[in-house]
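A.B. asks: Join the two chains into one complex using the hints; note that each chain is given alone, in its own frame.
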Amino acid sequence: MPFKRAILFSVIINLFFLVLCFVFGDIKFGAIDDYFMAAVLTGAHGTDYNPHLLFVNAIYGYALLPLYHLFPKVGWYYVGEMFAVFVSFVAIGYVLLRRCGERWGMLFATLFVAMFASDFYLVLQFTQCASILSAAGMLLFAYGVVERFAAGAPSNDMKTRGAVPMVVLGVILLLWGSLMRWQAFLMGMPFFCVGLLFHSRKCWKSRWLVIVGVAAMFVGAYAMHYFDASLYKNTEYAPYVDIQGPRATLGDGSNYNQNAVYEDLEEMGKSGKDYQMLTNWVFYDTEIFAADSMRAITDVIAHYRDKNERGDLPRLLLDALGHSLHSPLFWTWFFFCLLIFVTNRKKFLYLWASLAVVFYLMSILIGMNRLVYRVESGFWLYAAVLAIPLWERFRFELPRKLVVAVVALIAVVNVFSYATSGELVRDPSTGKSRTIAIEDSTDYKQVFDYIDSEPDKMFLLSMNAYMRFSHHKNPPYLAEPIGAFRRTVSLGYWTPYLPEITQTLAEFGIKNPIKDVVHDNVIVVNVGDMVDFLQRHYYDSVVVDTLKVIGEMNFFKYRLVQSTDSVAKEVE
Amino acid sequence: MNRLLYPLVASALVTIVPFLLTFEKGQDIIRGLFGFEEFFLLMLFVFVKDKIQACSGHAPESLRAICKSAKQSLLILALVIIVVALLAVAWLDLQNLLAIKGWSTGWYGVVPFVTCGMAIAMMWKVKPFSMSAISFIVFVTLITHLFAYNHYAAQPLSQFPVVDYMSRMAPKPVARNDLSESFKSKYLTTDSASITRNFIDTARTNVVVLVESWGVPLDTNRFVEQLRIFDGIAMQVGVHHRMYSRTRTAEREDLIYMVKRDSTVHRDTTFLPQVMQSRGVKTLFVYGGDSLEQMRNRYIRNTGFGEVLYGAVNGGPWSDRESAKLIDSLLSVQDSVLRFIAWTSRDTKFPLHGFKDPYKIDVAAVNSAYTERLAGTLQLVANLAKKHPDVRFIVQGDHNPILSPIKFQEMFYKRWVPFVVLN
Numbered sequence: 001m002p003f004k005r006a007i008l009f010s011v012i013i014n015l016f017f018l019v020l021c022f023v024f025g026d027i028k029f030g031a032i033d034d035y036f037m038a039a040v041l042t043g044a045h046g047t048d049y050n051p052h053l054l055f056v057n058a059i060y061g062y063a064l065l066p067l068y069h070l071f072p073k074v075g076w077y078y079v080g081e082m083f084a085v086f087v088s089f090v091a092i093g094y095v096l097l098r099r100c101g102e103r104w105g106m107l108f109a110t111l112f113v114a115m116f117a118s119d120f121y122l123v124l125q126f127t128q129c130a131s132i133l134s135a136a137g138m139l140l141f142a143y144g145v146v147e148r149f150a151a152g153a154p155s156n157d158m159k160t161r162g163a164v165p166m167v168v169l170g171v172i173l174l175l176w177g178s179l180m181r182w183q184a185f186l187m188g189m190p191f192f193c194v195g196l197l198f199h200s201r202k203c204w205k206s207r208w209l210v211i212v213g214v215a216a217m218f219v220g221a222y223a224m225h226y227f228d229a230s231l232y233k234n235t236e237y238a239p240y241v242d243i244q245g246p247r248a249t250l251g252d253g254s255n256y257n258q259n260a261v262y263e264d265l266e267e268m269g270k271s272g273k274d275y276q277m278l279t280n281w282v283f284y285d286t287e288i289f290a291a292d293s294m295r296a297i298t299d300v301i302a303h304y305r306d307k308n309e310r311g312d313l314p315r316l317l318l319d320a321l322g323h324s325l326h327s328p329l330f331w332t333w334f335f336f337c338l339l340i341f342v343t344n345r346k347k348f349l350y351l352w353a354s355l356a357v358v359f360y361l362m363s364i365l366i367g368m369n370r371l372v373y374r375v376e377s378g379f380w381l382y383a384a385v386l387a388i389p390l391w392e393r394f395r396f397e398l399p400r401k402l403v404v405a406v407v408a409l410i411a412v413v414n415v416f417s418y419a420t421s422g423e424l425v426r427d428p429s430t431g432k433s434r435t436i437a438i439e440d441s442t443d444y445k446q447v448f449d450y451i452d453s454e455p456d457k458m459f460l461l462s463m464n465a466y467m468r469f470s471h472h473k474n475p476p477y478l479a480e481p482i483g484a485f486r487r488t489v490s491l492g493y494w495t496p497y498l499p500e501i502t503q504t505l506a507e508f509g510i511k512n513p514i515k516d517v518v519h520d521n522v523i524v525v526n527v528g529d530m531v532d533f534l535q536r537h538y539y540d541s542v543v544v545d546t547l548k549v550i551g552e553m554n555f556f557k558y559r560l561v562q563s564t565d566s567v568a569k570e571v572e
Numbered sequence: 001m002n003r004l005l006y007p008l009v010a011s012a013l014v015t016i017v018p019f020l021l022t023f024e025k026g027q028d029i030i031r032g033l034f035g036f037e038e039f040f041l042l043m044l045f046v047f048v049k050d051k052i053q054a055c056s057g058h059a060p061e062s063l064r065a066i067c068k069s070a071k072q073s074l075l076i077l078a079l080v081i082i083v084v085a086l087l088a089v090a091w092l093d094l095q096n097l098l099a100i101k102g103w104s105t106g107w108y109g110v111v112p113f114v115t116c117g118m119a120i121a122m123m124w125k126v127k128p129f130s131m132s133a134i135s136f137i138v139f140v141t142l143i144t145h146l147f148a149y150n151h152y153a154a155q156p157l158s159q160f161p162v163v164d165y166m167s168r169m170a171p172k173p174v175a176r177n178d179l180s181e182s183f184k185s186k187y188l189t190t191d192s193a194s195i196t197r198n199f200i201d202t203a204r205t206n207v208v209v210l211v212e213s214w215g216v217p218l219d220t221n222r223f224v225e226q227l228r229i230f231d232g233i234a235m236q237v238g239v240h241h242r243m244y245s246r247t248r249t250a251e252r253e254d255l256i257y258m259v260k261r262d263s264t265v266h267r268d269t270t271f272l273p274q275v276m277q278s279r280g281v282k283t284l285f286v287y288g289g290d291s292l293e294q295m296r297n298r299y300i301r302n303t304g305f306g307e308v309l310y311g312a313v314n315g316g317p318w319s320d321r322e323s324a325k326l327i328d329s330l331l332s333v334q335d336s337v338l339r340f341i342a343w344t345s346r347d348t349k350f351p352l353h354g355f356k357d358p359y360k361i362d363v364a365a366v367n368s369a370y371t372e373r374l375a376g377t378l379q380l381v382a383n384l385a386k387k388h389p390d391v392r393f394i395v396q397g398d399h400n401p402i403l404s405p406i407k408f409q410e411m412f413y414k415r416w417v418p419f420v421v422l423n
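Going down the list, the sequences are from chains A and B.
The first sequence maps to residues 1 to 572 in the working numbering.
The second sequence maps to residues 1 to 423 in the working numbering.
These are computed hints drawn from the structure, not numbers from a lab.
Beta carbons: idealized from backbone N, C-alpha and C, even for Gly.
Treat the hints with caution; some may be incorrect.
[To be verified] Which bits of chain B does chain A cover? Going by a derived footprint, with three or more residues having C-beta under 8 Å, they are:
(1) 126-136
(2) 155-167
[Stated by the list, open to error] Okay, derived cross-link-like pairs now, DMTMM-like style, lysine to aspartate or glutamate, Cα gap no bigger than 20 Å in a straight line:
(3) A:270 / B:290
(4) B:282 / B:307
(5) B:356 / A:552
(6) B:407 / A:309
(7) B:325 / B:357
(8) A:347 / A:319
(9) B:360 / A:312
(10) A:445 / A:552
With the rest of the complex left out, here is chain B (with noise of 0.2 Å):
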């Protein structure tokens, strides 16, 4: 059994040497002693290397011969696709390792060959096994890894390059839970959930506005965009964090005032409404649907709002468009009181009006008419803005677009949302 080693000394060559010129101290990098995958191909080598020279040698004989040439050229080539095999898997293996340590291949491209050369030298002269004793040796090794594995998964005694290049290759699921560096260097960023209470002026007319499935896209351009629409009014810019992705807890932590906690398990809540009601401000809410909606007529009431009003029960429901009118109406009403009026847009609710089935949709024409949507919302904020100078609007999303096919989902960070405070 001493020949097993030259296969398992020359795998474990073609593995380590890599490993140990790109060597850094303090690296924590796993890696097997021998390639299982060069370890099988090398036994493979010396099996066909002695076919082809048991078939040569023999007094050439017309039609045998030619029959033997044939196989003969048959074997040589299965020895070349077995060495470009050996090169292959020794490169996917220097690879691997470069892409973990974040190196560019460089001068190290040369290793596998080096490598690779040594180790058919050293298989050269070995006797060949079975192919019996190839399948049971390459069958063995693989359940003794997994035993060892098992146990002590510190060092693992194979490497399997192919199978880890192949898991490397494999598209990741978008990484879009936490915000990219550049994003937080650009943007106010804020764990805040009391964003309105932050920035309501109470000297003035207050307007919170929430817009509906206004997430941060990932492509920062894409927001960038969305945001000149403000250029000249935004007072400050931001994106903040939302516990869930639901318009109905974005609708209620944006009114809320203050949280008291007792004791005991139970919570009581002041809401801005009440609050502001109680110092004789005029409190509106505006929503051009329907008071079942989310089941607005169970919460809202709540909230301690002096007016409420649903488009549908007025002759609606309300596009954007009406809503805005609407306030904006109110807003010109010449008189000494103040007021805070919260909205919530519907334009850019999901599933979008118009489109069957929230999920088959085709992508990019949900993008585009998501686009378009949010822009026209979001310009009749700024005209409003632009238009009552004199009024502090707070606008903010209430959760990323959700409900539509996942793919245009993951173009938006999850549950961060954008706010702008205007004038």
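For reference, chain A alone in the conformation it holds in the complex (with noise of 0.2 Å):
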């Protein structure tokens, strides 16, 4: 298929399926980090813009800032994101068209999108953008050097020409995958090597393209990584950075032995409650929670950690085979491995040779208790897309009104889908079906103007009630204006210490924002139950009102009281 023709027609479906997102779809981002980061990068948090991402390499916060300059009001984090998954989906469609000419390759690249639009578009995540990016550079790259030389081709037409371009490309697309995530990327890394390895002999004939094109891939990624990584290691970013490892180790883990870790830390004289109140994501305090005594449990962590034994393993990655069964991408690589022995048997040995990657990779997540859905996915992903190069010409052709039929009925089916139940996606973390709005009865308008009308006080949040706020300020297409999130402060989170919040806390007079809820200008929402944790380390009596409730949302004022030596409690 002509190189015009099959890029328009990738253009096309995938444009179908954006609109059908677009229209029928719950535009939202599909995880609350990137709800976060976007407003990080638009400042909603401080007086000016801040490209320190975290998960997401600093290069894409700063390669958006001009765009923000220039169009301040549209969320540019979110159309960054979706255009990365539109161009990766084209591309990949392209290659599908090219590969398989029209009549097939129309068929598959419409089932493709079909099948995976609404994961990657209307569950957009950084994770999943990375995986689709760097999948999409990978086949780029492959396809290019296969076809450089493609049996029977002159050596001026089309195809050696555009070789080069493609692989350039992939080289692009496979950096930006490197810069939305690190990990995903370099999970990527097996797959490619393993793919360009069954096209051992091609590479050797474009030895130089190849190796110029790997080594500015890695060069190009590695320089990036280093950069961003380097932004970090300042004076102004020290406290942030050092409370990331414990704060990843308390709130994510439930992989460890949890009531053995109260009692050894009960043991040693410190106090269980505080360790449960780290786990429960409240943790923004300078003093009783700096990051060396954070570090000081992880330490404890660290032994009750659940182990797999070796001998387990080929059962529980026979499991996990199972549970793959799940995920439309697994079935995805299952088909393209069936077409390669269709229709280039020598190279079948690609299926166990992917395989094995998969089960390599999946063993090392394994050990660490790790496996979830969307980064298995990203490996059937890679294992799918690297399979495309090599399938040889399909020697039966199909009718023409049947493709045509068929792909109408996709169409047809689809809009019908989307228009019935296009809010229902699959979970990233778990693969079930299901909406990505919450339950929730509380009219968030009451509460930002309740939080507006008293524009002297802070707020300070649990990280549920910090969650929440974002489903209800600006959708993701629209940027969260400088200072929208200024006076509400997660005491969780991976917010916390971050630089601009530091300031505005100081600006309030706030030095530790978890000793100083006493202070007359700081209101609590939803965390009512830290009275014990004030009168344990810092003050002789707390009492704590609660201000205001407002569906879900509870303000509570601290206040500290005169000590009467009452009838003494049970601290148990």
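C.D. replies: Structure follows, in structure tokens:
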């Protein structure tokens, strides 16, 4: 299929599904992390744009800054991610169309996008973005190398000339993928190696292209990664970076014996209740929960991690493979491998090679107790996409009318299913079907009005309240304006200790958020059980009053009272 | 595709025959219909056998002949390996089955040889599959099995003997939640949290000793050894269960007289010292360490002791020997006043004094230090009891050893502690 026609078809297919998603889907980020990274970028927590995005490389932020300056109202972070998915899908569709010819290609490209449009466009998320970008990049790279010396192609054919730009575009997409999530990009590399190994002869023919391409990719990716890391190595960001490790261990981990940790801490003379607060994401106390004391706790956790025995690994892998059968990307891989068997039997070994890589990566993740649906899906995506260049020509041609009919049918069925259940998406951690919106009877307009009506108060939020707020502020395609979150600071999550937040707190006279909840200008939202903690560590006598209740949002005021030596209450 | 039935039936034979031979009515063993690994090996067997046949039958020709014979002997070696592997898989399969039933091998050991022999005989005349066909069949079979298993787990399609064997042989976590039957038959075991209240003798002076980190060892002989210290004076020996492994909880729990619950969530606890104090008994709490340790300063005063003595503020901290000496001197006072003394020991508190990182120390070293110190503390208590036969002693562990290397912790039952009533 000619170059221009393939591009055109691929764009049309993708536009069709993009429109379906926009019209019928629930337009939200797939992960709260993305919402808050976008908010950090647009300066919602401070007074200016801030490209320190923690999980996503700052270069992505810097690249978007000019756009933000030109059109400050638009949520460019979201637009950029959507565009990344779109470009990746177009690239994959394009290769399918070129590889399989107009009819088969049309069918496969439509099917592929139909199956995954909702997973990527409506559960937009940086990890998945990184996976699809890396996958598309690897595919373009491999396909460019394969097509360069395709059998029977004259030396000055369109194909030959198109190969180098394709490899270049592949490298660019891979680099973009590495920006969105470093680990997802790295996990693609074993697949990339195996994929290229199956084209070793063709790689050898274009050895300079391959060497330069791969070198450019690695040098570029590592340079950008180290640049990003270097941005956090200064005194301004030191407290922020310092807290990230313990925060992640305490907040995310359920893969250890929490009871044993609790009891050991008590035996050491530390408070088990403090530890429970930490696991509930309430940790913005710069003294009691300083990075060092949190690390002392995570050190104990390290000894009680659940261990998988080596001998159990085959059984666990088999179970994990069985579980993968619920993922559409697994079936895509399965089907693509069968197509290798049908068209190019010699290369069928790719199936076992890619399965081995999947098993290898899975066993690493099982060892860490960290195998989740979105990561696992990423593996199948890489393995599936790299099967495409291994196909040979399809000998059996489909009747034109049939293709048109089937594509039309897919289109109609999809319009129907999006229209009826467009807001349903697959959950990125479990793979189960659900809606992104959360049931919540709270009237957030009242909540925000109340906050606005107290302009000199600082509101300290539970992480959950903070996240709930995100659902009721601007939609992702609009930028969260500068300062939108300035007076609402979370006591947990990955935002505490951000320099702009520290500065805002200082402006309100708050040095240590949890300790200073007793200040007159501090109101706490949805954390009403800190009296015990405050009395244990800081004050003789503290009481908490409820100022206001709006739906599920409770506004608390902590205050000091004269310590009357009343009937001593039991600590227990 | 009819020839696919041969390896399928042959591997089913290898899997099902031992199952049928060991079948008992009412058994609950989930088992696949055919052995996946055997299935693969049998196809491989035919493939290699065919290659050998293709090799032979040509006229010998110097160099080429040598090459050929080398190749042929390699192929024969491969064939032997496949047959051995097949036998090994069938053997493991049988062993897995017998392990579930808890039977010994006995004459069943013959079964794999017979079934594998029959399977090979079945495959002898079958036309070979190409390598990519084998690859394809194995892959599709695997996915079919997993797909069916996801939808109907009660009857899996294939059996994976080697995977099962590895999983069966993997070290299992030490079972230490429940006491063994032999232990239960030997000692009094109870869930009761009110050992002190049950054994207290209000007509006499009572000493309640909480021994730090005294757990119930999985090795019963070790427990016997510990109890030998109390030979001749022990009135009751047993173990009881605690809800938590915390010194603080144990300390409070052992002093509870009664807990009143009204219709609301409110809980009202009456402690033994309060009750004793009101009856004119002199009550005293002794701890050799600091009052801030485990936040005793915040809750001991609520339990109603007339007097509280902390070693750290009285020239201490005291070792258990010094605490015992103090108690001895109090018990030796000749007056008509009854006493109620509670003492929490501390020599065996983890991390053990003199060891640095609680988790990374040598297990053997911790074990011997712990054994020695615990015996020392128990001996002090025994000596006190022997010296004051008119005083009732109620000795209990607070929790099994925690805050120590995991391997060491695994030597003790979880949440079970011993109790001994003396005199």
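A.B. asks: Take the hints in turn and mark each one as holding or not.
C.D. replies: Now for the hints, and whether the structure bears them out:
1. 126-136: Three-residue rule met by the stretch 126-136 of chain B, so holds; n is 3.
2. 155-167: holds (count 6)
3. A:270 / B:290: holds (15 Å)
4. B:282 / B:307: holds (8 Å)
5. B:356 / A:552: violated (48 Å)
6. B:407 / A:309: At roughly 15 Å apart (the allowed maximum being 20 Å), residue 309 (chain A) and residue 407 (chain B) satisfy the hint.
7. B:325 / B:357: Violated: residue 325 (chain B) and residue 357 (chain B) sit about 31 Å apart, past 20 Å.
8. A:347 / A:319: violated (27 Å)
9. B:360 / A:312: violated (26 Å)
10. A:445 / A:552: Given that 20 Å is the threshold and the Cα spacing comes to 13 Å, the pair holds.
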